[in-house]
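S.K.: So the sequences go chain by chain: A and B.
278 is the number of the first residue of the first sequence in my numbering; add one for each residue after it.
4 is the number of the first residue of the second sequence in my numbering; add one for each residue after it.
Within a straight-line C-alpha distance of at most 16 Å, the following computed EDC-like cross-link-like pairs (lysine to aspartate or glutamate) qualify:
1. K287(A) x E120(B)
2. K477(A) x D409(A)
3. K429(A) x D409(A)
4. K505(A) x E373(A)
5. K429(A) x D412(A)
6. K287(A) x E121(B)
7. K287(A) x E117(B)
Pair by pair, the computed Cβ-Cβ distance ranges are:
8. L551(A) x E121(B): 54 to 60 Å
9. S554(A) x W73(B): 42 to 48 Å
10. E124(B) x L639(A): 46 to 52 Å
11. E124(B) x E574(A): 30 to 36 Å
12. L662(A) x T20(B): 29 to 35 Å
13. L662(A) x S147(B): 36 to 42 Å
14. D77(B) x G659(A): 23 to 29 Å
15. W73(B) x E574(A): 28 to 34 Å
16. L639(A) x S147(B): 54 to 60 Å
No wet-lab data here; the hints were simulated from the structure.
From the three backbone atoms N, C-alpha and C, an ideal C-beta is built for every residue, glycine too.
Residue-level listing of the chains:
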Amino acid sequence: MANRSDDPIKFSRIITRGFRGRLFRNVATMACFAFVAGTLLLTGLLVAGAQSGVQAGVDRLGPDMIVVPMDPQASSDGVFMTGRPTDLFFSSAVEEGVRSTPGVLQVSSQAYVGSLDNVSWSPTQVQVIGFDPSDDFTIGPLLTESFGRPIKDYEIIVGSSIRGELGSSLPMYGIVFTIAGRLENTGSAIDESIYMTLNKAYSLSSEYSLAPGEIVLEDGEISAVLVKIDGSYDLDSVLYWITLRNPGVLVFPMAGLGRELADQLSITSQGLYLAVSMVIIVSLPLVVLISTMTVNERRREIGLMRAMGATQGFIFSIFFVEGIFLALIGALVGVLGALSGLWLVEGALSSAAQTAIIWPPLVEIAIQASLALLAAAAIAGGAALWPAFRASRMEPYEAIRSGQN
Amino acid sequence: MIIVKDVSKSYAGHDGTVNALVSANVTIENGEFVLIVGRSGSGKSTLLSILGGLTRPSRGKVELDGEDLWSMSDAELSQVRSREIGFVFQFPGLLPTLNALENVMLPVMFSAREGREEAAERAKALLNSVGLADKHGSYPNQLSGGELKRAAIARALMNGPSIILADEPTGDLDVKTELEIMQMLQEINQQGRTVVMVTHNPDLSTFATRVLRMDKGRIMDAGADLV
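In isolation and in its complexed conformation, chain B is listed as follows (with noise of 0.2 Å):
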């Protein structure tokens, strides 16, 4: 479960004082596909940020699974982001010089939970399971936005997270790719990871249990349980 408690975000911009994120009040349970939406610069992806432990929040707590993410040392930290959570992000989110199958393996390094023999072969067996059988060697240019985000699923999902963050994942994808990765995360839902995903286009709230509405950086609704 993650908790966040009145969540504040400002930094220093060119005019002044900029607030991304204002009393943020948020608790998402365990299992849930909770879709953030909102207009360009309303906060949602700095809120995602926060949750996902990538942007420290200027005030507030947020708790995952009763452990304050933002009181932890950075070893810490790491490990949560390493163990706990997978990220998907709109752009190609691959290292541009492993190919496919070493960053999907990439998180291993960092988890250190298994050895390369058993981590090569499950890496293989994900980027199989997302339709990459044979772009095991590919590099992130030589694959397409689709298999580019899909070969990002199948990172995210290497070290057996609990949570799934995506920020826009289908945003630079066509109508057919994007119902793809969106039912590709439904399954990774329906398996009972969590699901947290910001997106500007509101017609995909089908495929989530909740959606959370977000506007000039406040939580304008938290969002009733749509299952």
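Chain A extracted, bound-state conformation (with noise of 0.2 Å):
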């Protein structure tokens, strides 16, 4: 019901007043939709920065496929998507029979060298790859500023999330390299690594063979091969025709490999989807019976009103907008605290989704956490429809008569 701008008393200030002296009902009904709202927002901005991530990073390696070693243990799209390293490596002649095969038209070759934990110039553990700046097409399109020349062996190129302005240096292994590029924002492992000239790796790992298991390359060896096809040649039959003609490698296509992690998030967000839908059933007979609750303590109250004059519409207006007022206040909390929760617990999520999380524009955000005020409000509005249907129904003499206040 719309304030009348003259109206004696503003019907906001009937509502607003009702409010007064329900702190249980008040908070009861904003807790349950602050969770609600806080639940949908993070699963939505969850599911999408997910989704984010592993549509970055597989747009943005460039690769149609990769040809790593053979491991029964482990899946191989960790060092480009999950930053899970492999330690798993072939010889560089792998590299030429790639090359060689029917349907290759470009082939790069990465080399991962170890992992570095509790640096100060990253907040995450980093790792640290060799690769072959003479054919890369991987590392160079991603830099944020071309360098216009050859990288050296003492300079590196640092993915985003990594410290250090272009120019400064980064100690490492012993030896301080100078920072030559920096990687644009991909949000997969490629923003926690570093990556040097294989020339460098492989002298690393003679000259520095520091602490066993701190540089795992040997000499001649790479983890992988990066590949991209002739558009004319059909994926799964070059595909084929490197697992033949490679022995004990395994060869994935990047479309498959981001088709795997979208089915593993999808799997995850139908889980977090079901969680809201079982917050949702349990949460509206709760409102309900609250509302309904309300509505009985307030039964001459309606009762008084019907005899000044308030029409059924008037008593329905007032508890149908009450239980939508509360919702949306508590959903803003839960909004809120969805947010700075988020913010707060960013890398644990990333982790434990197994992904990088590219977080949606602030526009894209702002829709999110608007949808979960609409919902908020929808199954406000759905659980005052009964309480408020069943105020406006009552006969005012007898709610007169029956009622508490």
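Combine the two chains into a complex, taking the hints into account.
M.R.: What follows is the structure, encoded as structure tokens:
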């Protein structure tokens, strides 16, 4: 019911005064909707962020497929998508074998050098990877600024999460490297990686065999061959020929990799949405019950207003709007709580989801938050319908006589 | 003029159907002060609530100035309650979440007869006239029983109704305050308004122009004019 500007008492005043002295009802309803809206928003953002992360990783890696050593234990998507390193290697000769396969347009080798923990210039574990600048087609295109010359052996290219200005020094394995380039944010493990030339990676492995396990690479080994195929060839055929001609390798098409991760995400998000549905199923009757209790408490008030001339519609509006208003306040608290919570535990979520999470742009977050608020309002509307209808249909005198206040 | 024609009210009780009101017939002329007396459970409050459009009768008609109340739509009946009838109840009949001034102004919200400024001025004047000049901002829990009753009378008069229906308005008051409230209702009647009041106290008949006696849901004596 809209306010007339000259109403003796504003409808909104009747509503807001109705909240007085009903702490349990107010807090219980708001808490319920805070939980519903917060969970909805959290789920939406988490799924959208993870999907963006996977998509960005797949889109930006460049290769059509990745060739890795046969590993019965683990999936080799780890290095590229989730930051899980692989310490299986094969000979660099595999690169030639792959290059000579019909349908292969371009190949580029990469080698996992090692992982670094607790370094001052990165908040997370860092993967150190060697790459061959001469045939690279995956790292160069991601540079934020092209430096227009070949990378030198004492220089490195850093992912977006690594601290340090271009041209500044970064100590690693007892050597001071210079940051020559920085990569765009990809939402994948690339953001937490450092790239050096394969030459330097091999010299590190021979000169600096420091603590066991710190550098696992040996001279002449590579961890993966990234492959771009000729568009006129069928991806599956090329995959088949590479596998046939290079025993001991596994070939992952990037589209399949994305699909695998997307499937994983889909299962996770289905679980989350199921949890939200359960929350709604449990909370809806609870809110109806609390609202019905409130109607019962206010029977005399309802009867009095009807005696003064309030229509059934007016009484219905009071309880309906009150329900939605409380739900919206609760939902707003839930939305703010979810956003704050996400901001605080972003790293842990990323790790739990096994993929980097790229938060959607502000506009999309605002849309998702609005949708969570709208959903809360819709649920509250549904929950308030029966109590509000019941209040409006009470016989005035019976309501007055049986009321408590 | 209020005409009650063969009105009955029954409802389902624990021990079967309860006949709260049985074939009531009565006519109340404009300007009368009618006192409905009877023991507890005699049907006097039921009759009053049917007269005021607060309880739908099981049978019969109630005409207010020729219009059948119970054939009206909810909106029409609400307008009649708002504009033509003022109610005073036995219990503290003010909304607990609004102060005295807001409570008195509330009926105007439903009648939409005047704006906020005019309503506020009249509500203040009415509160002043019932001796609550210094209680405009007080909430119901800050008022005494007598003050609550006087505020309720002020509210009943807010829309300038032609009929005041009072259900045991002095039931819980001391003798002095009871007298004050009765004098107030008498003055309202003398201003030309019809007053119909339910009470279990027959001693109050001195204030009325007619006494209507009820027992077991029936009007036993429609009363002669006492004036």
